[in-house]
Amino acid sequence: MQRARCLEMIYPELEDKLVVTIMGACAQELYDLGDRDNYFYLQHAMGLASSIGLGLAMHLPHERVIVLDGDGSVLMNLGTFATLARYRPRNLVHIVFDNGSLLSTGGFTSHTTSGVTDLAAIARGAGIEHVASVDSAVAFGEAFVEALERDALSVIVAKVDAVGPEHYGMDLQLPENAFRFKRWIQQRKRAAAS
Amino acid sequence: MTVSYDNSKIIFDGIRAAGIRSISALPETWLGLLLGRAEDDPDVQLVQVAKEEEAIGIAAGAYFAGTPHVLLMQNHGFLAAINGIVSLAQLYHVPLCMLVALRGHWGEPYPWHTRGGIVTEGVLRALGIPFEYARDPEKVGKQIREAFTFSQSSLSPVALLLTRDLMES
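Sequence lines, in order, name chains A and B.
For any residue, its number in the numbering used here is found by taking its place in the first sequence, counting from 1, and adding 117.
For any residue, its number in the numbering used here is found by taking its place in the second sequence, counting from 1, and adding 1.
Simulated from the structure, these hints should not be mistaken for lab results.
Do not rely on the hints blindly, as some may be mistaken.
Claimed, not checked - Distance condition first, Cα-Cα at most 35 Å in a straight line; then the derived DSBU-like pairs of lysine-lysine:
1) B:Lys52 to A:Lys299
2) B:Lys140 to A:Lys299
3) B:Lys52 to B:Lys143
4) B:Lys52 to A:Lys134
5) B:Lys143 to A:Lys306
6) A:Lys134 to A:Lys306
7) A:Lys306 to B:Lys52
Said to hold, decoys possible - Listed next, the stretches of chain A that the computed footprint assigns to chain B, with coverage defined by at least 3 CB atoms under 8 Å from CB atoms of chain B:
8) 164-172
9) 189-200
10) 297-311
C-beta atoms are modelled at their ideal positions from N, C-alpha and C, and glycine is treated no differently.
Kindly produce the complete structure, drawing on both the sequences and the hints.
Given below as structure tokens:
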């Protein structure tokens with residue numbers, strides 16, 4: 118299963134949701150599907166995408182938040198599963214694309230290679246109730262739809278191939294991304310209030 | 002020495018008076034009474050993290066959401082959060098209002114706190130993070146308000162260092 122295919126499948130659903138993606142291949146693949154103002158591309162600070170998602174979800178209970186994470190990033194912040202489990206924001210879907218590789222930084226194998234480390238088991242052990250582990254596009258799509266319908270904190274660990282895009286580059290400065298993302302949220306809040 | 006009950010209350014009241022109702026924190030001794038008040042206040046949303054760097058992400062989320070937010074941590078937690086501060090907050094111009102318990106400084110009896118205390122100011126300077134020391138309970142409320150205001154106008158992390166003079170009694 119390819120991450121780009123998974124992103125393509127859920128892309129139409131992301132139009133009205135707050136999306137936080139990790140750096141590198143995942144960010145580029147999302148951008149190439151079509152950049153939107155409601156996307157925040159965390160191009161560094163590995164591990165914190167889910168923490169940003171938690172902050173968004175807790176402070177914007179009427180929005181849906183989708184975090185696109187990876188095994189390399191989440192391994193840098195495993196405590197996030199415990200914090201998510203403790204506060205269990207019902208409006209957050211945390212997707213972890215597990216390619217078993219630090220693909221964007223040279224392709225070194227990560228701890229999840231060959232199934233040695235099971236991120237879904239770690240998420241469950243941290244206390245997250247709804248954790249799906251999927252390795253086919255169909256199962257991923259089903260898990261995503263179920264997560265949206267569930268109205269409860271959901272984690273999806275998706276096993277994907279260690280492949281990325283053939284090119285990198287965005288016409289978007291990093292502070293510009295932050296300003297734009299905040300503005301989109303504030304406009305939604307004003308529209309909802311009026 | 003014990004943690005100052007009165008000054009913990011003054012700091013908490015200062016956070017509230019600054020219009021802040023959202024707090025992320027990793028508990029530590031000096032912050033214990035303060036966090037207890039936050040927990041008991043139904044108007045205040047408190048997020049306890051497993052490691053301080055998480056709080057940088059949570060604070061960014063709160064900022065994007067438009068919710069005034071303050072981070073409470075020990076200086077060793079600040080040291081543990083540096084990559085998030087640099088590669089999220091500073092890189093993306095996200096403000097952070099950090100109240101940092103300054104352990105390991107003048108009067109510190111515990112050896113394990115000392116090295117972190119000695120380097121804290123130098124690290125703040127190296128990172129270009131504006132900071133002030135909070136020593137006086139009569140001034141700390143104003144300092145919190147000003148720290149928050151400055152973080153928002155500069156789109157920068159700022160740190161208010163909570164000293165032994167303020168936190169112990």
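Do the hints match the structure? See the list:
no.: 1; hint: B:Lys52 to A:Lys299; verdict: 25 Å, holds
no.: 2; hint: B:Lys140 to A:Lys299; verdict: 33 Å, holds
no.: 3; hint: B:Lys52 to B:Lys143; verdict: 28 Å, holds
no.: 4; hint: B:Lys52 to A:Lys134; verdict: 27 Å, holds
no.: 5; hint: B:Lys143 to A:Lys306; verdict: 30 Å, holds
no.: 6; hint: A:Lys134 to A:Lys306; verdict: 13 Å, holds
no.: 7; hint: A:Lys306 to B:Lys52; verdict: 31 Å, holds
no.: 8; hint: 164-172; verdict: holds (count 9)
no.: 9; hint: 189-200; verdict: holds (count 5)
no.: 10; hint: 297-311; verdict: holds (count 5)
Hint check: no violations occur; every hint is consistent with the structure.
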